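Listed here are the chains, written in short residue letters.
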Amino acid sequence: MDRLAEAERLRVAVLEARQRIAPLVPDIDPGDLLLILQSLLRPIGTGRRFFLRKRDSGGYVF
Amino acid sequence: MSSDELFLQEVVAALDRVGLEAIVVGTVAGVLNGAPVMTQDLDLLVRDTPRNREKIAKLSAALRIAAPVEVSELSRALTLLGGALPIDILFDALPGGLSFEALRSRSSRVQIGDSAATVAALADVIASKEAAGRPKDLAQLPILRDTQRIRGALKGGTST
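Protein sequences, first through last, are from chains A and B.
Those letters in the first sequence? Residues 1 to 62, by this note's numbering.
Those letters in the second sequence? Residues 1 to 160, by this note's numbering.
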């Protein structure tokens with residue numbers, strides 16, 4: 001699956017999941033809900049990044 | 001695959017090659033359970049046996065990184081330096097009285113490329129961070145707990 005098609009598949013899955021479960025978790029921030037759903041529904045192996053690397057300058061890159 | 005996923009794939013494949021049974025724990029286990037969190041290292045839990053100590057040395061060689069070094073004089077934990085990212089090796093149990101056997105019994109297998117990693121359950125990741133109690137652990141707890149609730153809701157269970 002190409003990158004654009006994969007992104008569209010994820011968008012649809014996230015929006016469907018949000019519609020279904022948002023009423024069950026009303027106290028969770030809507031932005032956090034979207035962030036978590038995207039992370040939950042995006043399979044490992046599709047370009048996820050989760051390691052922070054510290055630069056010599058003291059800043060971080062990921 | 002991103003460079004992070006490739007790194008994980010390389011480590012998991014190397015664990016298979018040297019025959020070292022390890023459970024992915026800590027923040028990376030949280031990530032593999034779907035949490036949107038980040039970290040600076042990979043934590044692996046293994047049983048502390050002479051044979052596994054040999055396998056850890058072989059793991060370093062398989063990954064073409066430096067030999068294991070002790071994290072501190074007060075800890076048995078080892079760290080493997082010189083790779084893309086540090087790999088911490090923890091022995092036998094995590095804070096909170098979470099034994100290797102108990103963690104393994106609740107773990108899941110997550111496919112990463114051609115290999116599968118044994119990954120601690122999100123509830124155990126949360127429990128270990130609660131027990132560790134360091135600021136960097138406590139800071140991740142809200143998003144890990146929310147992820148746990150949303151996973152439950154997605155599966156049709158309770159959200160609390």
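Certain hints may be false.
[Said to hold, decoys possible] Pairwise CB distance ranges, derived in the manner of DEER restraints:
no. : chain 1 : residue 1 : chain 2 : residue 2 : range
1   : B       : Lys58     : A       : Val12     : 40 to 48 Å
2   : A       : Pro30     : B       : Ala66     : 40 to 48 Å
3   : B       : Glu21     : A       : Val12     : 16 to 24 Å
4   : A       : Asp27     : B       : Pro50     : 47 to 55 Å
5   : A       : Glu6      : B       : Arg64     : 30 to 38 Å
6   : B       : Ser3      : A       : Gln19     : 27 to 35 Å
7   : A       : Val12     : B       : Ala57     : 46 to 54 Å
8   : B       : Pro50     : A       : Pro26     : 33 to 41 Å
9   : B       : Pro50     : A       : Glu16     : 48 to 56 Å
10  : A       : Pro26     : B       : Gly96     : 23 to 31 Å
These are calculated hints, taken from the structure and not from any lab test.
On a predicted model such as this, the values are computed, not experimentally measured, just so you know.
Cβ atoms here follow ideal geometry from the backbone N, Cα and C, with glycine treated the same way.
How the hints compare with the structure:
1. B/Lys58 / A/Val12: 40 to 48 Å: holds (45 Å)
2. A/Pro30 / B/Ala66: 40 to 48 Å: At 45 Å between Cβs, range holds.
3. B/Glu21 / A/Val12: 16 to 24 Å: violated (39 Å)
4. A/Asp27 / B/Pro50: 47 to 55 Å: holds (50 Å)
5. A/Glu6 / B/Arg64: 30 to 38 Å: holds (32 Å)
6. B/Ser3 / A/Gln19: 27 to 35 Å: Since the Cβ atoms of B/Ser3 and A/Gln19 sit about 34 Å apart, the hinted range of 27 to 35 Å holds.
7. A/Val12 / B/Ala57: 46 to 54 Å: For A/Val12 and B/Ala57 the Cβ distance comes to about 48 Å; the hint holds.
8. B/Pro50 / A/Pro26: 33 to 41 Å: Given a distance of about 54 Å, which is not inside 33 to 41 Å, the answer is violated.
9. B/Pro50 / A/Glu16: 48 to 56 Å: holds (52 Å)
10. A/Pro26 / B/Gly96: 23 to 31 Å: holds (30 Å)
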